[in-house]
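Q: In order, the protein sequence lines correspond to chains H and R. Under our numbering, the first residue of the first sequence is numbered 1, with each subsequent residue one higher. Under our numbering, the first residue of the second sequence is numbered 256, with each subsequent residue one higher.
Hint data in this document are derived by calculation from the structure and do not stem from the laboratory. The reader is advised that the hints may include incorrect statements.
Below are the DSSO-like pairs computed for lysine-lysine, each with C-alpha atoms no more than 27 Å apart in a straight line [what the hints assert, rightly or not]:
| # | chain 1 | residue 1 | chain 2 | residue 2 |
| --- | --- | --- | --- | --- |
| 1 | H | 54 | H | 68 |
| 2 | R | 283 | R | 354 |
| 3 | R | 272 | H | 68 |
| 4 | R | 354 | R | 272 |
| 5 | H | 68 | R | 283 |
| 6 | R | 272 | H | 54 |
| 7 | R | 354 | H | 191 |
| 8 | R | 272 | H | 191 |
In this text the structure is predicted, and so the values were computed from the model without any measurement.
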Amino acid sequence: MCDSCGCSRPENSVTITRPGEAGPGPDVADHHHSHQSYQAHGRVVEVREAVLGKNDGIAAHNRDFFRKQRIVALNLVSSPGSGKTTILERTIRELRSDIPMAVIEGDQQTMLDAERIDATGVDVVQVNTGAGCHLDADMVHQALHRMEPAENSLLFIENVGNLVCPAMFDLGEAAKVVIISVTEGEDKPLKYPAMFDAAGLCLINKIDLLPHVDFDVARCREYALRVNHRLEFFEISARTGEGMSGWLAWLRSQI
Amino acid sequence: MNIVELVSTKAREAGGKRVTSVELEAGKLSGVMIEALVFCFEAAARNTPAEGAELLVRELDGRGSCRGCGHVFALDSLLAQCPQCGGYAVETLQGKELKVVSLIVDE
Numbered sequence: 001m002c003d004s005c006g007c008s009r010p011e012n013s014v015t016i017t018r019p020g021e022a023g024p025g026p027d028v029a030d031h032h033h034s035h036q037s038y039q040a041h042g043r044v045v046e047v048r049e050a051v052l053g054k055n056d057g058i059a060a061h062n063r064d065f066f067r068k069q070r071i072v073a074l075n076l077v078s079s080p081g082s083g084k085t086t087i088l089e090r091t092i093r094e095l096r097s098d099i100p101m102a103v104i105e106g107d108q109q110t111m112l113d114a115e116r117i118d119a120t121g122v123d124v125v126q127v128n129t130g131a132g133c134h135l136d137a138d139m140v141h142q143a144l145h146r147m148e149p150a151e152n153s154l155l156f157i158e159n160v161g162n163l164v165c166p167a168m169f170d171l172g173e174a175a176k177v178v179i180i181s182v183t184e185g186e187d188k189p190l191k192y193p194a195m196f197d198a199a200g201l202c203l204i205n206k207i208d209l210l211p212h213v214d215f216d217v218a219r220c221r222e223y224a225l226r227v228n229h230r231l232e233f234f235e236i237s238a239r240t241g242e243g244m245s246g247w248l249a250w251l252r253s254q255i
Numbered sequence: 256m257n258i259v260e261l262v263s264t265k266a267r268e269a270g271g272k273r274v275t276s277v278e279l280e281a282g283k284l285s286g287v288m289i290e291a292l293v294f295c296f297e298a299a300a301r302n303t304p305a306e307g308a309e310l311l312v313r314e315l316d317g318r319g320s321c322r323g324c325g326h327v328f329a330l331d332s333l334l335a336q337c338p339q340c341g342g343y344a345v346e347t348l349q350g351k352e353l354k355v356v357s358l359i360v361d362e
């Protein structure tokens with residue numbers, strides 16, 4: 001369940017763990033709703049503050065840290081199963097001799113993705129959001145305290161697989177990279193425009209499967225550009241390596 | 256969650272014990288479903304100074320300007336097409352806001 005309403009997120013339900021450390025235990029949440037209603041009366045207090053102002057403040061703090069350390073942080077967002085972790089594994093193997101890299105992994109549960117990244121040899125921290133459907137700036141801030149990303153490096157933040165909520169939460173990243181795989185529908189940008197609107201770059205993954213599916217790449221690009229006319233694209237297959245050179249060159253150019 | 260936290264902090268700062276009403280501004284392009292927000296607020300406010308507070312949400316219209324012809328028009332989605340030239344390259348000027356405007360607190 002989503003934690004947006006707050007009723008399913010007990011204190012400390014978010015855990016931040018490095019591979020090899022004791023993992024998070026099961027979490028149990030009480031769920032009660034109260035339906036009392038009162039008449040409004042009393043003193044008016046002016047607020048005029050953005051609801052996500054606190055998150056945005058921490059994101060600005062993260063961004064400041066990244067700027068001082070010359071770290072390029074990229075927030076990878078997509079539906080579950082689009083291939084984010086596989087893209088990271090391949091990217092890290094291709095670039096690790098040239099560029100220092102680190103990864104923050106976000107999932108509701110398990111260390112599985114962190115273990116895959118750990119096997120590539122780069123520094124990785126797993127954030128388990130419990131019931132949460134997205135990473136927020138404070139989770140990234142806490143994760144940064146558990147790692148030492150190098151100067152002039154790339155930091156990949158793999159968000160929880162979800163094309164909705166992560167669009168609203170700034171983590172302090174340089175850009176959001178939205179990933180869509182050709183086993184999904186090419187109309188995803190129209191169905192989930194907020195995410196494509198928030199992204200700077202779009203990876204179309206699993207293009208090795210194009211002969212077997214009905215996915216229309218040109219139409220997908222057109223739909224995504226309707227939502228966000230600034231979006232750049234790379235068509236890749238993290239499995240075969242096809243098209244990866246453009247994405248890797250783009251990453252090199254960011255450092 | 257974020258609303259309840261912000262509201263509780265502001266109420267405490269103002270010396271209020273209990274919040275009876277919260278006025279919110281939500282842009283039509285903010286991605287917020289007002290019905291869901293009202294439902295969740297009630298649950299999230301439990302055991303906080305905002306418990307039982309009434310949530311008043313004012314919806315803000317979206318506005319965008321066309322990059323092609325400069326026309327400014329009302330937006331009701333991120334997928335808007337310019338009614339003048341048919342272009343899709345539209346800059347959002349207003350409508351993504353989500354803001355707590357004011358509270359009413361009991362001493």
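Q: Now tell me, hint by hint, if it's right for this structure.
A: These are the hints, each one checked on the structure:
1. H:54 with H:68: 22 Å, holds
2. R:283 with R:354: 12 Å, holds
3. R:272 with H:68: 42 Å, violated
4. R:354 with R:272: The hint holds at about 22 Å.
5. H:68 with R:283: Between residue 68 of chain H and residue 283 of chain R the Cα gap is close to 36 Å, so the pair fails against 27 Å, i.e. violated.
6. R:272 with H:54: 22 Å, holds
7. R:354 with H:191: Measuring from Cα to Cα gives roughly 25 Å; hence the hint holds.
8. R:272 with H:191: 43 Å, violated
The earlier numbered hints that this structure contradicts are 3, 5, 8.
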